[in-house]
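Required output: the full structure, derived from the provided sequences and hints.
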Amino acid sequence: MKKHYLSTIALITVSSTAFADARSNLVLENRCSEPVYFTVDPGNTTGQSIQHKKIDPNTYQDIGEYINNSMNPFSYTSKLNIAYSFIDPNKKPINEATIDYKLINGYTSNEADFNIFGNVAVNENRTHLNHTWHSYSPKMSLKIPTYTITACPIETKPNSKSLLNGIDRVLLFGDSLSDQGNLYTYTGGVIPKSTPYNNGMFSNGPTWAYMLAKKLSDLQKPIAFSSYAVGGATTIINPEWVEQGLPYNLGGEIEIYKKADSGAHDSDKELAIIFIGGNDYLSISDSEDMAKIPDIARKVTDKIISSIDEINVQKTILIGIPNLSLVPESEMRGNQKQLAEVSRLHNKYLEDFARDKPNITFISINDMFEKLVTNTAEFNEEFKTKINPDKVGETCWKGGYFMPSPGDFDSKEFYNNLITSDSDLLGANQEAAESFDINKIPLNPDITSAILGAETGQMCDNPEEFVFWDNVHPTRQVQEALFKHISKALNIELITSV
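In mature numbering (1 follows the signal peptide of the UniProt record, and there is no 0), the protein residues as written are -20 to -1, 1 to 478.
In case anyone wonders, no lab produced these hints; they're calculated from the structure.
Bear in mind that the values here come from a model prediction, so they are computed numbers and not experimental data.
A couple of the hints might just be wrong.
[Said to hold, decoys possible] List of simulated lysine to any residue pairs, SDA-like, C-alpha gap at most 25 Å:
1) LYS279 - GLU235
2) LYS141 - VAL293
3) LYS279 - PHE342
4) LYS295 - GLU445
Encoded structure:
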């Protein structure tokens, strides 16, 4: 009897370990020109059943988590069905597209497998997506992947004047505005926390770079995309005018590229995009002498310019920065005057350098962001967004935001305690918590805003109305607008089939 009891306990323990839970978060998105009606059959997951949910054009809705947490080895696979139609449910709708979604709660890893039929995409994939992960990273951080179901996805087509003509691979160097998950990987799934951040990216949706990479991979002649952008990265190593943590910087990204490449690719068929600089400026003091601002901007842009020869490829794209004084972080710090001027000079120096150089192109994004702030209605019309002009300067993140002052207490200790006290993020694993090294995290506003956004307060229920997800990073619809703007500058045609 005792032996049988112990065997039963052992079986329960093995089952619990083997099949803990497979979590996923679903977002329904409509890029069509008319409303669509989504239906979601959750199978045996914990998610909600949805019947003909109306999603208006150019909007999206997070419908929450769908989890298989079965400890029964005979029911560790969940089969979900997702579909949408254009017709009102009262008029016998015909599905325009369907998705068969298998969510597998596995022994060594979880698996999500999507078979996609019709005019729909999952995380920008049109026919099939297979993703494997484990609920907990090596640092025991809880990982919840987000899958966006998009009706009427965008397709791309480079035209005869495209800067991508003759290019086999695109290289990207930058910071959190472009990071597709590199810092998330470097920190073992800790920053930015998934969720509320999307799959290791600093927003509630994909970055412009993720969207561009997916579209280039779908071309008849695919173009490879290698991203070395990492959240928190600066251009200058520990610039003396701001407070920094450990450096992630442009030079380091280039070194990683060189070591990984080692001449394996033809640089005459490569195009480099450099989109960096915000982290060099965001925490400039509100008391910084305005006479020193030109020198600060010159040091940063000189480093960007010198990196062009270090990368040494056929074509280079320099993307300017937005007016950083418009970022909520700047209002909180009171350094709008300094950031407005340094942003202007940063863009001027890069644009002046690129002028009349056939293989170097400067792309300005400042006008796009100025339009977003000063003429939101026109921005919404151009980029198919639903941003509320009364919320342009606000952030979706709601909570007791405050910026720890090193003069008051040890900010590293504050953020370290904030992360390691998160039972979901580091689980109950004390060893994982103790091994977490805050000294390897760059504690500039780029990173601290994401930590605070994930660990304190709460996110709004209507993010499609906001420009900012947290105090620094834009929402998914602004990232998509950035993707459209950059694609246009690259002479890439965007096609939405309805």
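Evaluation of the provided hints:
1. Distance hint between LYS279 and GLU235 is fulfilled; the C-alpha atoms sit about 20 Å from each other, no more than 25 Å.
2. The suggested pairing of LYS141 with VAL293 holds, with an alpha-carbon distance near 19 Å, which does not exceed 25 Å.
3. Between LYS279 and PHE342 the alpha-carbon distance is near 18 Å, which keeps this suggested pair within the 25 Å criterion.
4. Straight-line distance between C-alpha atoms of LYS295 and GLU445 comes to about 37 Å, which puts the hinted pair past the 25 Å bound.
In summary, the structure is inconsistent with hint 4 from the numbered list given earlier, while agreeing with all the others.
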